[in-house]
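Undergrad: Listed below, chain by chain, are the residues.
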Amino acid sequence: MSDPIIRVENLTAGYGESVILKDVDFAVERGEILVIVGGSGCGKSTLLKHMIGLNPALGGRVLIQGMDIDQASEAELARIHQNIGVLFQSSALFGSMTLLENVALPLLDFTDLTRELALELARAKLTMVGLAGYDNHLPSEISGGMKKRAGLARAMALDPVVLFFDEPSAGLDPVTSAEMDQLILKINQGLGTSMVIVSHELASIFAIAHRVVMLDKAEQGVIAVGDPRQMRDHSPDPRVREFFQRQPRT
Amino acid sequence: MLGPRPAWRRRLNGIHQVSCTQEGFCLAQANPAPGRLELRLSGRLGLAEFNDLTRGLALALEREAPRELVLDLGGVDYLDSAGALALARLEAQAGQRGVTVEYRGLEATAQGIKDLLRPEELAKPPLIAPQRRGNLVEVMGDSWLNLSQDFYQVVGFLGELLAGGGRALRNPRLVRWSEVFFYMEQVGVNGLPIVGLISFLLGLIMAFMSFLQLQSFGANIYVANLVALAMVKELGPIMTAVLVAGRSGSAFAAEIGTMKVNEEVDALVVMGYDPLVFLALPKVLAAVLMVPLLTVFADLLAILGGLAVGVTGMGLTAQSYISQTLKSINPDDILTSMLKSAVFALLIAGIGCQRGFMVRGGAQAVGQATTSAVVAAMFLIIVADSIFAIVLHYW
Ligand SMILES: Nc1ncnc2c1ncn2[C@@H]1O[C@H](COP(=O)(O)OP(=O)(O)OP(=O)(O)O)[C@@H](O)[C@H]1O
Ligand SMILES: [Mg+2]
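If you read the protein sequences in the order shown, they are chains A and B. Each residue of the first sequence is one higher than the one before, starting from 188 at the first, in our numbering. Each residue of the second sequence is one higher than the one before, starting from 138 at the first, in our numbering.
If we strip away everything but chain A, and leave its shape as in the complex, we get (with noise of 0.2 Å):
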């Protein structure tokens, strides 16, 4: 059982011929939520579609609940994907489709839930993100920070195993974005979600985070693991101590 939910073993990551990450390697251990820090155009949103299966990796592999995610067949990857929620950057809402619809799309298709209750369900959903009573809007008449709640709660909608974050808080208020923080861990805690999150908000990797890889676009992989207070305070690394303490380049 104590197996890490997901590894990832020397994965070269990019875009067809384009190499943006070499040699990453570690690993999500179950109920930890692991957070990917970085500079703008590191690669923490590529290794994110390495990760949940989109992009084929380069090199290395990565193993979901110890299936490697490349090789699996389509059977095994439709129930890897059953097991997985993920946020995207751009929260990628069906824009045809209401916020209730889009939230109870997977209940619908994949549980034998009722359609009554699967409705409920997702109401339920779109509660717990704070956004009761906005079922029939459709994504284009919401704000961006609704949006991003939104694309969490269809995230959520399965109670998967992992969930996948990209910048959960960007484009939120402070307050709201404290909410999803306490959201997060509310999650984390009570279903023993293991969560895989790349933010930037230093305040909120500091108030979620079990642990944190962070990545550098020169290096083109993980220059440090670890703990972000110890990271702050003691890294020997110049670059991770000015990302913590939000310093510019020296």
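It should be emphasised that the hints constitute simulated quantities derived from the structure, not laboratory data. Heads up, a few of these hints could be off.
Stated by the list, open to error - Below, a list of computed lysine to aspartate or glutamate pairs in the DMTMM-like style, where the Cα atoms sit at most 20 Å apart: (1) A/373 - B/258; (2) A/373 - B/252; (3) A/373 - A/354; (4) A/236 - A/196; (5) A/373 - B/214.
Starting from the known structure of chain A, fit chain B with the ligands onto it as the hints suggest.
TA: Same frame as chain A, now just chain B with the ligands:
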């Protein structure tokens, strides 16, 4: 996934009913005092159990009709938001019947999950009603109303477009000529193969069909007239326009529509550009320049198709077919044919861009705009062609 069955089953006194689902949760019922119902839950309360759980809880509440309800969650080893919702539903139902609810054995984490679902929030009605699709009569009425509105918008847009074109004429630097060349390639050059092929086949078919009729009068040679006249005066411009509408009108609508959805058009406006001149004008210019040439190309290939039938099937010489063709059409016909095509091109590209700018919302709206651009373009082509027919007749 489940641990060993909880030990309370042996401990409990006064239980008169225990029901367990195959795998997942158990629900035990006890009545320690009259009017007091104890429900003890154990195992998993998750998404997979949601159906059974809500049914079981509602049933127990209904059958026993207690005044006080005690929910013992001591044996629960997994609770997720679906389980929490099932409990919240039970609470709401109990509240409606005036039954008090008391929790026991609720761990902090479970409490945390339960807190995510605030009952007053859950009961909140939707802020806006779901969109209702009207009945057939309403829909038809609506579409007629839309049609007339649409007409105003299209005319307005074409007017603006011409005004923009006028400004560009006075100040040619306004036009992004690199874009014009790009779209000239898209509309014209890349359209050559399909336009050519279809026209050639059309000429072939026309010649063959008319040959079968004219043969009996010994008037084979007039096949050349028929193909040339029909193509140059009518079919060439129309066929080309229909193909361009399908190929390029739709592409323009999709391109501008997607830019609209991504707020790229808004970005242009705040950067001080006129989206009409920036986006629409190059496309329209390119179409107006290229479609007449495409039409001439289509005419030529259709005549070539007719020639092929004439030479192989009807015993005519290439020379006689060509000279007959040349006799039947005069340069004026070709000029009006090109003028017609230019007008069609203006309509196709204009409506394509207009439909693109009309897009509101998301991906689906882009699809609708694309369809509508093609349909409206076909309609306008036919209307314009009828007008041309009448005007040219009385010229
Ligand atoms: N679809 C793509 N094809 C090719 N290269 C890409 C693609 N998407 C991103 N890249 C490149 O990969 C690198 C990393 O991009 P990525 O989106 O992963 O950055 P990021 O760390 O998520 O940045 P941000 O914090 O700004 O979101 C960038 O240099 C980018 O140019
Ligand atoms: Mg990113």
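Undergrad: Does each hint fit the structure? Answer for all of them.
TA: Against the structure, the hints come out as follows:
{"no.": "1", "hint": "A/373 - B/258", "in the structure": "holds, 18 Å"}
{"no.": "2", "hint": "A/373 - B/252", "in the structure": "holds, 9 Å"}
{"no.": "3", "hint": "A/373 - A/354", "in the structure": "holds, 18 Å"}
{"no.": "4", "hint": "A/236 - A/196", "in the structure": "holds, 15 Å"}
{"no.": "5", "hint": "A/373 - B/214", "in the structure": "holds, 17 Å"}
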